[in-house]
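Asks: Here is what each chain is made of, one letter per residue.
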Amino acid sequence: MSIILDHVNYIYSQGTAYEKHALQDINLKIEDGEFIGLIGHTGSGKSTLIQHLNGLMKATEGCIYYNGQDIYDSDYNLKELRSKVGLVFQYPEHQLFETSIIKDVKFGPSNLGLPALEVDLRAYEALKQVGIGEDMIDLSPFELSGGQKRRVAIAGVLAMKPEVLILDEPTAGLDPKGRDEILNLVSSLHKENKITVILVSHSMEDVANYVERLIVMDHGKIMFDNEPKKVFTHYKALEQIGLAAPQVTYVMNRLKECGQSVNTEPTTVDEACEEIIRWAKKKGILLT
Amino acid sequence: HRLDPRVKLLGTLIYIISLFAFHNIASYLIAGLFLAVIIHLSKVPFSYIVKGLKPILFLLLFTVMFNLFLTPGQEFVRVGFIKITLEGIKTAGFMAVRLIFLIIGSSLMTFTTTPNHLTDGLEKGMGPLRKIHVPVHEIAMMMSIALRFIPILLEETDKIMKAQSARGADFETGGLIKKAKSLIPLLVPLFVSAFRRANDLAMAMEARCYRGGEGRTKMKPLAYKKRDWIAYLCFIVYWTLLILAAKIN
Amino acid sequence: MAKKTSLLVITALMAALTCIATMVITIPSPMNGYIHLGDGLVLLSGILLGPIYGGMAAGVGSMLSDLLLGYPHYALPTLVIKAFAAIVGGIIYNMLVHKSFCKKYHLIPLIAAGIGGGIIVTGGYFIVASILFGEGVAALSSVPGNLLQNLFGIIVSCILMPVLTHVPAVKSMLAREA
Amino acid sequence: MGIIKAKDLIFEYIRRDEEGNVEGINRAVNNVNLDIEKGQFVAILGHNGSGKSTLAKHINAILSPTEGTLWVDGMDTGKEENLWNIRQTAGMVFQNPDNQIIANVVEEDVGFGPENLGVPTEEIWERVENSLKAVGMYEYRTHSPNKLSGGQKQRVAIAGIMAMKPECIVLDEPTAMLDPNGRKEVIKTIRELNQTEKVTVLLITHYMEEVIDADKVIVMDKGKIVMQGAPREIFSQVDELKKYRLDVPQVTLLAYELRKKGLPIPPGILSVDELVTKLNEL
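Chains as they are written, first to last, in the working numbering: chain A, 1 to 288; chain B, 1 to 249; chain C, 1 to 178; chain D, 1 to 282.
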């Protein structure tokens with residue numbers, strides 16, 4: 001199972017003065033079970049890209065294949081695609097509308113025309129996955145705290161049992177603890193349910209800690225597409241497009257520039273810590 | 001273009017009234033001439049104005065037809081049981097011209113005035129109404145806030161629609177009731193957002209010492225300039241000409 | 001927070017919502033513009049904000065949408081008609097909502113208000129059309145479209161109101177009105 | 001007495017259930033004592049719901065204390081007659097830039113505050129020009145706010161407050177809704193205002209990177225002030241901060257871990273430069 005983008009182009013307001021080439025010749029293959037980070041500054045085309053993946057936006061040029069089928073075929077079922085490629089928008093809690101949590105989570109699966117029992121089952125399961133207890137399901141979603149609302153909103157997409165889950169900045173506006181909770185949730189969904197996850201984020205630190213593959217976008221083009229470690233070696237190029245590598249990458253690189261024999265690969269605190277300790281032991285600062 | 005919005009508002013109003021007050025060939029000629037001069041002065045490209053007429057083309061045709069065929073009076077031509085009367089032609093002609101003038105006149109104002117200016121003009125223009133306790137300042141402030149939030153909420157509408165579509169919502173198909181129901185997932189979040197924004201904004205306004213229209217000064221006070229008085233003069237001349245034309249008739 | 005500022009801003013936001021509802025969901029009809037959701041919002045403005053502020057929100061919001069959509073010649077009549085419709089709708093709703101029989105069938109005041117407002121809108125535009133296009137059949141042609149719009153508005157309001165009353169912000173506002 | 005001083009400040013709000021019956025009382029601010037000197041840059045940290053925003057709203061007299069007193073430049077915020085003077089002295093910037101810009105043109109929005117204060121027209125123009133220049137948005141003065149980026153909008157909002165010539169500005173999570181570039185812009189602007197215009201700044205946030213240059217950091221939890229001190233002191237207590245649902249910048253954490261493993265580096269490292277220098281010195 002995979003998503004393939006073949007020479008995808010998207011142009012906003014084509015033929016007018018406001019014409020903007022939002023996606024330029026995107027070629028991409030997303031394999032089953034991957035955990036991908038997608039970064040780029042505001043206006044780099046990342047939001048446009050993810051909306052193409054579930055057919056909300058239609059490419060001006062090029063093809064997208066989901067599991068080998070062209071999603072722009074006239075007889076392709078776009079509604080089914082949207083259930084398979086779940087998209088969680090930024091501030092998803094702003095889309096809650098029902099009178100109770102459970103009803104809101106049921107909205108997605110019931111739109112799929114499933115039998116009532118199956119809808120119930122999925123809704124309960126999704127709420128359990130995001131850690132909303134059964135004692136809360138009849139509350140109004142408007143009575144919850146910000147972090148809880150967001151988890152309910154994510155459950156609303158999970159209840160559709162997507163094979164691919166795309167999250168657009170799921171941690172925006174949360175405090176550090178809330179951020180970690182959401183990221184751990186996403187990570188466990190990936191590990192335990194074998195869902196393909198695409199995480200759109202501004203935070204390099206978050207991305208470095210979690211994802212296996214990192215796609216960097218700039219001006220509607222894919223700039224880098226590689227393991228996070230490899231991408232962060234281009235930290236100077238990243239800076240030029242208004243992004244940055246994690247702070248520890250800078251520490252390691254600066255040490256190296258100062259003539260210390262360290263490996264510049266670490267991107268997380270744990271890795272960096274290990275590497276510096278190794279260096280310190282070798283230098284004899286720290287006794288083994 | 002750079003006229004005081006009050007002049008433009010009042011001018012348009014005078015013009016519209018004049019169209020209804022006088023209807024004879026001479027006055028319509030004057031009205032047409034007047035309009036042509038203004039279009040020229042305003043430098044709005046003619047194609048723009050024609051474009052503005054497009055949506056009412058059908059309506060115009062419809063009106064003309066109705067008046068053409070259904071006005072009783074002296075028979076002019078007869079094809080089968082359809083007859084066209086002289087009066088019919090006359091009324092239809094008047095109707096069409098009046099409608100076209102009306103629409104060009106009012107769209108000219110909207111082309112040359114931003115809604116913000118209009119709001120300012122309204123606030124000042126209705127100033128005298130304050131004496132009879134019409135909350136003029138509040139109305140103008142409300143309009144200006146509404147204008148500011150229309151694009152924001154419009155964007156939000158688009159976002160919510162997309163988000164709900166991603167959850168399988170369908171806004172396109174179905175009958176009236178199904179369509180109405182499908183709007184709930186859109187409208188409730190939109191309302192919630194609007195109320196949240198209203199709350200925030202009211203707080204922000206008070207934090208910036210807003211306390212109603214009393215004791216406020218204006219950053220951009222409207223002041224009549226020479227060209228505004230000239231414009232008023234033009235309207236007076238126009239109106240006098242119309243009266244004269246009516247007398248002669 | 002002073003009530004006045006808050007009410008002013010809510011009115012402005014309701015006007016913006018009315019304008020958007022009129023502009024976004026439109027089905028162009030050649031006879032008289034478009035079918036839209038605006039009338040539903042006009043009705044809700046009257047109910048949520050009460051006659052005075054509701055009238056302002058409905059009138060101004062609808063007028064702005066006329067201006068932005070390029071029907072400036074309708075702007076002024078729209079302001080008056082929609083404001084009046086919201087006022088009438090709001091008054092009818094407030095009159096009926098506390099009656100005991102309405103507690104059971106809570107949609108009755110809403111529908112009654114919708115019909116009241118609808119009569120104003122349809123009648124108002126009929127008069128305007130009569131002046132613009134001459135009396136008679138040409139003006140009558142505006143009626144079916146407006147009726148359909150009203151019907152759509154009432155249906156949406158009836159479905160929306162019960163859900164909206166669960167939203168804390170709206171709930172607190174209705175409580176303040178009472 | 002400092003420009004902002006709180007004594008035993010308590011704020012409670014009443015929770016109500018569906019029918020409006022009292023369900024319980026929440027104490028959002030609990031016995032807070034505070035003294036902020038003129039010209040300082042003070043940061044208040046705390047997770048969502050720790051009471052930091054409630055405290056901020058007291059300084060602008062949007063809320064008034066249930067018990068205790070808060071003075072802004074010597075004026076008691078509980079007294080109605082001080083309201084407008086307090087709001088002029090302590091301006092407030094909110095989280096969502098969209099929801100605090102009132103006018104449809106940048107310069108008109110900045111002029112909104114002075115208009116409310118009844119400042120003469122010519123002086124309004126002067127103030128608008130100066131404050132737009134101070135936040136670096138002068139060239140956008142005739143733009144519509146809708147076309148600006150989040151960071152730019154927030155700077156316009158700050159200019160709107162500056163035009164009222166306040167002694168102090170309170171910023172309630174001004175960067176929470178911005179992207180990294182927008183955040184940098186806004187923080188830089190705030191710091192410049194503090195240094196060149198000498199305004200007292202009270203920055204409320206949960207982004208640790210934003211507070212490393214503050215004169216003083218205050219940490220709140222459950223309505224109480226739980227930590228207080230210079231950034232270096234605060235950031236050396238990583239475990240303590242984690243307890244309050246906060247974290248520290250990545251370098252600080254790395255330095256902390258290295259120290260735990262036995263490397264002789266000082267506590268409370270705040271920047272990449274600092275850590276690299278210290279490691280090189282070993």
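In short, the hints are calculated from the structure, not lab data.
Any given hint could be a false lead.
As a list, the in silico SDA-like pairs of lysine to any residue whose alpha-carbon atoms are at most 20 angstroms apart [stated by the list, open to error]:
id: 1; chain 1: B; residue 1: 159; chain 2: D; residue 2: 262
id: 2; chain 1: B; residue 1: 159; chain 2: D; residue 2: 146
id: 3; chain 1: A; residue 1: 281; chain 2: D; residue 2: 141
id: 4; chain 1: A; residue 1: 79; chain 2: A; residue 2: 116
id: 5; chain 1: B; residue 1: 218; chain 2: D; residue 2: 130
id: 6; chain 1: D; residue 1: 278; chain 2: A; residue 2: 179
id: 7; chain 1: A; residue 1: 20; chain 2: D; residue 2: 148
id: 8; chain 1: A; residue 1: 281; chain 2: D; residue 2: 130
id: 9; chain 1: A; residue 1: 191; chain 2: A; residue 2: 31
id: 10; chain 1: D; residue 1: 147; chain 2: B; residue 2: 171
id: 11; chain 1: A; residue 1: 283; chain 2: D; residue 2: 141
id: 12; chain 1: B; residue 1: 159; chain 2: A; residue 2: 43
id: 13; chain 1: C; residue 1: 4; chain 2: B; residue 2: 214
id: 14; chain 1: B; residue 1: 162; chain 2: A; residue 2: 57
id: 15; chain 1: A; residue 1: 79; chain 2: B; residue 2: 215
id: 16; chain 1: A; residue 1: 281; chain 2: D; residue 2: 277
id: 17; chain 1: C; residue 1: 4; chain 2: B; residue 2: 168
id: 18; chain 1: A; residue 1: 221; chain 2: A; residue 2: 80
id: 19; chain 1: A; residue 1: 58; chain 2: B; residue 2: 168
id: 20; chain 1: D; residue 1: 165; chain 2: B; residue 2: 216
id: 21; chain 1: C; residue 1: 3; chain 2: D; residue 2: 261
id: 22; chain 1: A; residue 1: 229; chain 2: A; residue 2: 193
id: 23; chain 1: C; residue 1: 4; chain 2: B; residue 2: 215
id: 24; chain 1: A; residue 1: 29; chain 2: A; residue 2: 283
id: 25; chain 1: A; residue 1: 128; chain 2: A; residue 2: 80
id: 26; chain 1: B; residue 1: 162; chain 2: A; residue 2: 261
id: 27; chain 1: B; residue 1: 218; chain 2: D; residue 2: 141
id: 28; chain 1: A; residue 1: 58; chain 2: B; residue 2: 216
Asks: Against each hint, give a clear statement of whether it holds in the structure.
Replies: Outcome of the hint check:
1. 159/B with 262/D: Given that 20 angstroms is the threshold and the Cα spacing comes to 52 angstroms, the pair is violated.
2. 159/B with 146/D: 16 angstroms, holds
3. 281/A with 141/D: 58 angstroms, violated
4. 79/A with 116/A: This hinted pair holds, its Cα atoms lying about 19 angstroms apart.
5. 218/B with 130/D: Status holds; Cα separation ~18 angstroms.
6. 278/D with 179/A: This hinted pair is violated, its Cα atoms lying about 31 angstroms apart.
7. 20/A with 148/D: Roughly 17 angstroms separates the two Cα atoms, so the pair holds.
8. 281/A with 130/D: Roughly 57 angstroms between the alpha carbons, so the hint for residue 281/A and residue 130/D is violated.
9. 191/A with 31/A: With a Cα-Cα distance of about 15 angstroms, the restraint between residue 191/A and residue 31/A holds, given a limit of 20 angstroms.
10. 147/D with 171/B: Violated, because 29 angstroms separates the two Cα atoms, which is more than 20 angstroms.
11. 283/A with 141/D: With a Cα-Cα distance of about 58 angstroms, the restraint between residue 283/A and residue 141/D is violated, given a limit of 20 angstroms.
12. 159/B with 43/A: 16 angstroms, holds
13. 4/C with 214/B: It holds: about 13 angstroms lies between the C-alpha atoms, which stays within 20 angstroms.
14. 162/B with 57/A: 9 angstroms, holds
15. 79/A with 215/B: This hinted pair is violated, its Cα atoms lying about 58 angstroms apart.
16. 281/A with 277/D: Given that 20 angstroms is the threshold and the Cα spacing comes to 18 angstroms, the pair holds.
17. 4/C with 168/B: 41 angstroms, violated
18. 221/A with 80/A: 28 angstroms, violated
19. 58/A with 168/B: This hinted pair holds, its Cα atoms lying about 17 angstroms apart.
20. 165/D with 216/B: The hint holds at about 17 angstroms.
21. 3/C with 261/D: Violated, at about 59 angstroms.
22. 229/A with 193/A: With a Cα-Cα distance of about 26 angstroms, the restraint between residue 229/A and residue 193/A is violated, given a limit of 20 angstroms.
23. 4/C with 215/B: Cα-Cα ~16 angstroms, so holds.
24. 29/A with 283/A: 44 angstroms, violated
25. 128/A with 80/A: 24 angstroms, violated
26. 162/B with 261/A: 51 angstroms, violated
27. 218/B with 141/D: 17 angstroms, holds
28. 58/A with 216/B: 51 angstroms, violated
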